[in-house]
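Engineer: These are the residues of each chain, in order.
Protein chains: 2
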Amino acid sequence: MVWNQARRAARMNPSIIREILKVTEKPGILSMAGGLPSADTFPVDALKAACDRVLSQAPREALQYAASEGFAPLREWVAARVATLGMQVKPDQVLITSGSQQGLDLVGKILCDAGAPVAVETPTYLGALQAFTPFEPLFTSLASDAEGPLPEAIAALPHDAPGTRFSYLLPNYQNPTGRVMGAKRRAEVVEASRRAGVPIVEDNPYGDLWFDEPPPAALSSLWPEGSLYLGSFSKVLTPGFRLGYLIAPPELYPKLLQAKQAADLHTPGFNQRVVHEVIRNGFLDDHIPSIRALYKANRDAMAEALQAYLPPGCEWQSPQGGMFFWIRLPAGLDAMALLPQAVEAGIAYVPGAAFYAHQPDARTLRLSFVTLTPDLIKEGVEKLGRLLHEALSLATEHAP
Amino acid sequence: MVWNQARRAARMNPSIIREILKVTEKPGILSMAGGLPSADTFPVDALKAACDRVLSQAPREALQYAASEGFAPLREWVAARVATLGMQVKPDQVLITSGSQQGLDLVGKILCDAGAPVAVETPTYLGALQAFTPFEPLFTSLASDAEGPLPEAIAALPHDAPGTRFSYLLPNYQNPTGRVMGAKRRAEVVEASRRAGVPIVEDNPYGDLWFDEPPPAALSSLWPEGSLYLGSFSKVLTPGFRLGYLIAPPELYPKLLQAKQAADLHTPGFNQRVVHEVIRNGFLDDHIPSIRALYKANRDAMAEALQAYLPPGCEWQSPQGGMFFWIRLPAGLDAMALLPQAVEAGIAYVPGAAFYAHQPDARTLRLSFVTLTPDLIKEGVEKLGRLLHEALSLATEHAP
Chain R
1 MVWNQARRAA RMNPSIIREI LKVTEKPGIL SMAGGLPSAD TFPVDALKAA CDRVLSQAPR
61 EALQYAASEG FAPLREWVAA RVATLGMQVK PDQVLITSGS QQGLDLVGKI LCDAGAPVAV
121 ETPTYLGALQ AFTPFEPLFT SLASDAEGPL PEAIAALPHD APGTRFSYLL PNYQNPTGRV
181 MGAKRRAEVV EASRRAGVPI VEDNPYGDLW FDEPPPAALS SLWPEGSLYL GSFSKVLTPG
241 FRLGYLIAPP ELYPKLLQAK QAADLHTPGF NQRVVHEVIR NGFLDDHIPS IRALYKANRD
301 AMAEALQAYL PPGCEWQSPQ GGMFFWIRLP AGLDAMALLP QAVEAGIAYV PGAAFYAHQP
361 DARTLRLSFV TLTPDLIKEG VEKLGRLLHE ALSLATEHAP
Chain G
1 MVWNQARRAA RMNPSIIREI LKVTEKPGIL SMAGGLPSAD TFPVDALKAA CDRVLSQAPR
61 EALQYAASEG FAPLREWVAA RVATLGMQVK PDQVLITSGS QQGLDLVGKI LCDAGAPVAV
121 ETPTYLGALQ AFTPFEPLFT SLASDAEGPL PEAIAALPHD APGTRFSYLL PNYQNPTGRV
181 MGAKRRAEVV EASRRAGVPI VEDNPYGDLW FDEPPPAALS SLWPEGSLYL GSFSKVLTPG
241 FRLGYLIAPP ELYPKLLQAK QAADLHTPGF NQRVVHEVIR NGFLDDHIPS IRALYKANRD
301 AMAEALQAYL PPGCEWQSPQ GGMFFWIRLP AGLDAMALLP QAVEAGIAYV PGAAFYAHQP
361 DARTLRLSFV TLTPDLIKEG VEKLGRLLHE ALSLATEHAP
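Line order of the protein sequences matches chains R and G.
Under full-length UniProt numbering, the residue at position 315 of the first sequence is numbered 315, and the numbers go up by one with no gaps.
Under full-length UniProt numbering, the residue at position 201 of the second sequence is numbered 201, and the numbers go up by one with no gaps.
The reader is advised that the hints may include incorrect statements.
Which residues of chain G face chain R? A few of them, derived with a C-beta cut under 7 angstroms, are [unchecked claim]: (1) Pro239; (2) Ser290; (3) Ile291.
Heads up, simulated DSS-like pairs for lysine-lysine below, C-alpha to C-alpha not over 25 angstroms straight-line [to be verified]: (4) R:Lys26 to G:Lys296; (5) G:Lys90 to R:Lys48; (6) R:Lys26 to R:Lys383; (7) G:Lys296 to G:Lys378.
Since the hints were derived computationally from the structure, they do not count as laboratory data.
For clarity, every value in this text was computed on a predicted model and none was experimentally measured.
Backbone N, C-alpha and C fix where the C-beta goes; we use that ideal spot for every residue, glycine too.
If we strip away everything but chain R, and leave its shape as in the complex, we get (with noise of 0.2 angstroms):
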């Protein structure tokens, strides 16, 4: 034993999104379990010229170490398109981060205190949690129905010191369960968070994904120096180049940046010059519509194989935007325990109980309908509804 680890190394533990993605790299395997967006969304042709323009243009500065803050140009774009969702901001709160996985290590690293309360929803993103995990926060899990967190939740959270850090929340097309805050659920969170005293961090990766209305206004647009907003790249053009971007109070975003810069000095230069490149004279504006109908035809497909083929029993919500179905088996029924014979059948899922802090649900399970194709949604969904009557007829048989 040469090497001491550090006590925070206890605390992190394999994860079930890696391993999971692991099994659906086997081949003939359907999968559902992925957060992948869909390959055919990919603008390659486009990223291809900016690449060779980018390399023809302005080599060495692309090629070369660059400010941690981010490119300059791209800052500016994230400043002028955030204001679309009603956010009034200056590029210099803009930092760019490698995905927006980046920015939860960073908020953990700036606001997290080992035993200092961080309120989750119930359920919430597994990739948040692992990320905060390391600063040892004590997780606090909102009540939530539908529509998320309830304000009464957050208006009972721990204000005694060391007082709850912030709230992590998705408002939009939420990432396990793909559900939406309405406008008044908005300003009822916002207004109990201020209150409250705690600060809230807004992750937004799915709010362009929306079928057939835009979701309400952020909510970092209703109280901007009590919130940081995480954005992001990768569900609307390329997951590949690791972009996304943090929004934050002047407050905070020194430290931030400060932060950003021990982790890796700065997001590869060449990415951001391709993507800003791609995007800067609007392309988002025909490509994002794209992808939505093509994720509502998918969704579709999937909502009508769940009704044809799950028994009854099963509950679940057709989600108005976004990549998930979240589905809650009959009782008796554990989906961890089933994602062995469901792998042996040749589907994936991943188990709804990786996105609890607390007090999993086991009868949960999330589905994306962005990966597989219409046909390939029905074939899987087709061989889960098999699969779950035949559990439940075992579970039957074995009840008491």
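Chain R is already provided as a structure; the job is to place chain G on it using the hints.
Structural biologist: Only chain G this time, still in chain R's reference frame:
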């Protein structure tokens, strides 16, 4: 005051490196400050062709989410490459990172605890101090000479609980001093580390940049189970792609991988594939010697200029590789205090004080010889010499 920041945020201070990079962006400054590789060495055409090939041949894979460990063929390439440094490594010990700065952040996360000692050279790489500091280690400065840390300083490291977590060592053309550790010293340092039970984190960004003869075998080759190795593509290809790697003993790899996933899910798959496409068929065998030749000529130009223009009493050694001269000024001069006048005079350097964990030597400064051309190096050093001559005569006038 809505936001309550983490205890560790108070330890993070504005970075001198970043502030200086800003100064060097001013037009007309002859900067010998930044550790920027020469942009003349960036293989623009090879990268352009590789971007095109990757986006033609594997766009869906290159633009999708990918495994946290890194792109398998690149990990295999790294494992084969470090065999030339005497290291016997399996590909599954290789973790691709977003620059080797991220490797330092992951090491800090996994190995540092508040108050647990971490040993560093005197002086050491500023970016490592920044990466480890948020995790609140107790830095121990190892007494060092022209070859690096003294074996007896390692033997004397605290080994009572919590024990020294690791020594952070840069044996090849160290940043900031440019010094290299000889073969005998390496053996002694490893032997002392083994006896003291203090593992080694070996950082080797500059090892390929030798001028007359390659450096001795890596420390990690002498004590594989007690060493963690960091490598980088920043100095031999391009820093703008942010690609580095960690090589870890099997005991540590799983935790580093979990920390990596929490930090940014994975390093951009596109960047990994492009770099692999460039280097897979021996590209570096021709490319690196051309960097060496360029940097050696620059080293010679700076050595000559220093000899010609610096006042008596300045001390330096001509580096045998890497990117930096380390200068010690005559008594009475303070490199930090002189920096504003230097910038006024149109030049920039890094005051050496930034590179010490304790008791900074205010008379030291670091000069990069790879960013400017030989003509501009001469011009910059001449200006530096004039400034130092003036400062010296002022110091003498005011001497008691």
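Engineer: Quick check on the hint: Ile291 of chain G CB to chain R CB, less than 7 angstroms?
Structural biologist: Given a least distance of 14 angstroms, the restraint on Ile291 of chain G is violated.
Engineer: With a cut-off of 25 angstroms on the C-alpha distance, tell me whether Lys26 of chain R and Lys296 of chain G pass.
Structural biologist: Violated. Lys26 of chain R to Lys296 of chain G sits at ~50 angstroms, over the 25 angstroms cutoff.
Engineer: Going straight from one Cα to the other, do Lys26 of chain R and Lys383 of chain R come out at no more than 25 angstroms?
Structural biologist: 17 angstroms, holds
Engineer: Grab the minimum C-beta distance from Pro239 of chain G to chain R and call the hint holds if it beats 7 angstroms, violated otherwise.
Structural biologist: 5 angstroms, holds
Engineer: For Lys90 of chain G and Lys48 of chain R, compute the direct alpha-carbon distance and say whether it is at most 25 angstroms.
Structural biologist: 34 angstroms, violated
Engineer: Please verify that hint: Ser290 of chain G, Cβ, nearest Cβ of chain R, below 7 angstroms or not.
Structural biologist: 16 angstroms, violated
Engineer: Given the proposed pairing of Lys296 of chain G with Lys378 of chain G, does the C-alpha separation stay at or below 25 angstroms?
Structural biologist: The hint holds at about 15 angstroms.
Violated hints for the displayed structure, listed by number in ascending order: 2, 3, 4, 5.
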